[in-house]
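**Student:** Take the given structure of chain A and dock chain H to it, following the hints.
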Amino acid sequence: MRLHEDPAAFEAFYRRHVDAVMRFVVRRVSDPHLAADLTADIFLAVLDSADTYVPGRGSEIAWLYGVARNVVSAQYRKAAREARAAGRVAGRRLMDDDDLARMEERIDAERRMRSALEAMEGLPEGERAVLELVAIDQLTVTEAAAALGIRQVTARVRLHRARRALESVASPSAVYLEGQT
Amino acid sequence: MSNFEDRLLSALKDEITTRTAEDRMTTVTPVRRSRRRLVGLSAAVAGVAAAATAVAVLTGLTSSPAYAVTTGSDGGVSVRIHSFSDPDGLEAELADAGVRAVVDYLPEGQTCKQPRGERGGGQGQFATSIGKDGDGIAFTIEKGQVPAGSTLVLAVSKSKEGDDQPPFATALEVVKGTVAPCEATTLPVPPPGSGGTTERKDDGPGLDSGTEEQGPSLNTQNG
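For the record, the sequence lines run as chains A and H. Heads up, the first sequence stops at 180 in numbering that gives the first Met the number 0, and the numbers go up one at a time, no gaps. Heads up, the second sequence stops at 222 in numbering that gives the first Met the number 0, and the numbers go up one at a time, no gaps.
Here chain H stands alone, though its shape is the one from the complex:
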């Protein structure tokens, strides 16, 4: 008999063995500690756990239809998100493709408070397109656009029509070093007809506008 519960148990027991062997460098991590500390320790644990995980991860993977991540022959990584429902999975998938990412899906009208960290990363613009007819969004990360130590940060304000509808707004950027956790904040919506934004029906409800001082504009891309 082998199922999720059993596999998890043996992965965790491996984890205990590994930790003990590592002279309990992670002995005390009360859950209620501050976030910062938690992140640091988790990262430390991650290194230790890698060996144990490698043993435990064997079984058939289940793919999620919410997104697709493909790596091209030129080292570029293409991402298509059909449904804004599984940020963790997308992050994991991107990590497998060599791109560290932080993905947040927020309710319509909300975005993550800026700044999330120091701007930075590789060269070049993202090729991004906001699809229509429930096709979601797609973008390609060229090789080197998210270098080691940088993180792709994606925040999507979902449509209230549903997870699989074109988003209300998206923000895509590359952050160097630590990424601040997403603190949800209200997205100021420019009144219809106000200067500087154009509404294009084809693109669904999203608006395209430039970024100034990292303000929460609706669709932003920063390479």
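Next comes chain A alone, as it looks inside the complex:
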């Protein structure tokens, strides 16, 4: 995959996934400007790390969500923010009022998922990461394992543990299970 060198290949990839990426982002942040920045940052990170994608080793979306997770993580945000201040492609500057309204609609539509994610905050990081990708982002366990760079069997174990931990928390678990179908 020569995404980072071939604008046409990149465009095809972008069009296939931009919607999923924006949904991924607004499940995690509720500020429309930040959501635009992160969307841009994720695709910049795709360019940065296009070489790490090995076609056969997992689905495209799994790889992309792995990149997206890193970008949305707090640590990366910090670095990206500094880069943006120095003039990197800044998503928010590409938004006009219509875009802002549409982004707010997207954010609104994912409200339930955001509260489900919040409810998962108490889980250990490794378990939460798997449950997040499977229940919230609708990846298969195989894809989630690929996105996280862990073995499938590990992912299964963690998912099982996470679900069991959540069963003991009475109410919100219905939301994640619903997200499964």
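Note that these hints are calculated values from the structure, not bench results. C-beta atoms are modelled at their ideal positions from N, C-alpha and C, and glycine is treated no differently. A couple of the hints might just be wrong.
Unchecked claim - In the SDA-like style, the derived pairs of lysine to any residue whose C-alpha atoms are separated by at most 25 Å in a straight line are: (1) Lys12(H) with Glu59(A); (2) Lys12(H) with Asp95(A); (3) Lys12(H) with Arg68(A); (4) Lys112(H) with Ser72(A); (5) Lys12(H) with Ser1(H); (6) Lys159(H) with Ser114(A); (7) Lys12(H) with His16(A); (8) Lys159(H) with Ala118(A); (9) Lys12(H) with Asp18(A); (10) Lys159(H) with Asp95(A); (11) Lys175(H) with Leu105(H); (12) Lys159(H) with Leu116(A); (13) Lys112(H) with Asp18(A); (14) Lys12(H) with Arg127(A).
Unchecked claim - Not everything, but these chain A residues come out facing chain H in the computed CB check (under 8 Å): (15) His3; (16) Glu10; (17) Leu33; (18) Pro123.
**Tutor:** Frame of chain A, contents of chain H only:
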């Protein structure tokens, strides 16, 4: 048809063209590399990307009511933060005003672990005021207070009452060179009536105290 997605796509395609032209100085940046390296490479990319961005940034900006940054005729930059909700936007806005800044908003009772970097910067004290009645905070950076190579570092421990409430604590400093990423740590709260701090209702829940050895006191300013 032109919308965010289309504009982003063309900005990114410009980025690809620019990068390729620059002999792929940024070819491999696996996302999972260490933070330090990422920062370095991002900075390198930033220089390259500037040209591409200039082309792409055209459309109407949307202003955020969370903060206001104004540049005075004397070159001073005034900042008023009404709501502690969009640190990225504030940083971008400050960058536009010529002030490199790192802003972190943390939950009540948390602050960034000190030190964030080498103290330093220009001369003079910040004129800072912690507003009341949900008015947020305001401060002015006089010209030269954050010189080139230095960064204004703001860490706010938000009120649990909400983003637009007066903060629990703020820390404002100028760091020379690299700023360490914010590592959240618990803010030790002096028990009521303990020596050295005064509680003033007017100032909301914030406490003012001096800084010793860069300890996490509640409201600190270091010029």
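**Student:** A separate judgement is required for each hint: does it hold in the structure or not?
**Tutor:** Hint check results:
For the hint linking Lys12(H) to Glu59(A), the alpha-carbon distance of about 20 Å falls within 25 Å, and the restraint holds. A distance of roughly 20 Å separates the Cα atoms of Lys12(H) and Asp95(A); the hinted pair therefore holds under the 25 Å criterion. With a C-alpha separation of about 23 Å, the suggested pairing of Lys12(H) with Arg68(A) holds against the 25 Å cut-off. With a C-alpha separation of about 19 Å, the suggested pair Lys112(H) and Ser72(A) falls inside the 25 Å cut-off, and the hint holds.
For the hint pairing Lys12(H) with Ser1(H), the CA-to-CA distance comes to about 15 Å; that is within 25 Å, so the pair holds. Between Lys159(H) and Ser114(A) the alpha-carbon distance is near 18 Å, which keeps this suggested pair within the 25 Å criterion. The suggested pairing of Lys12(H) with His16(A) holds, with an alpha-carbon distance near 15 Å, which does not exceed 25 Å. With a C-alpha separation of about 18 Å, the suggested pairing of Lys159(H) with Ala118(A) holds against the 25 Å cut-off.
Of the pairs offered as hints, the one joining Lys12(H) and Asp18(A) holds, with about 18 Å between alpha carbons and a cut-off of 25 Å not exceeded. With a C-alpha separation of about 32 Å, the suggested pair Lys159(H) and Asp95(A) falls outside the 25 Å cut-off, and the hint is violated. Taking the CA atoms of Lys175(H) and Leu105(H), the gap is near 23 Å; set against the 25 Å cutoff, the hint holds. Restraint check: the Cα-Cα separation between Lys159(H) and Leu116(A) comes to about 20 Å, which is no more than 25 Å; the hinted pair holds.
Using a Cα cut-off of 25 Å, the hinted pair Lys112(H) and Asp18(A) is violated, with the two alpha carbons roughly 37 Å apart. For the hint pairing Lys12(H) with Arg127(A), the CA-to-CA distance comes to about 35 Å; that exceeds 25 Å, so the pair is violated. At its closest, the beta carbon of His3(A) sits 6 Å from a beta carbon of chain H; the interface hint therefore holds under the 8 Å criterion. Taking 8 Å as the C-beta cut-off, the interface hint given for Glu10(A) holds, the closest approach to chain H being about 6 Å.
The interface hint given for Leu33(A) is met, as the beta carbon of that residue sits about 6 Å from the closest beta carbon of chain H, less than 8 Å. Given hint, Pro123(A) at the interface with chain H, is violated; its Cβ is 18 Å from that chain's nearest Cβ, farther than 8 Å.
In summary, the numbered hints that this structure violates are 10, 13, 14, 18.
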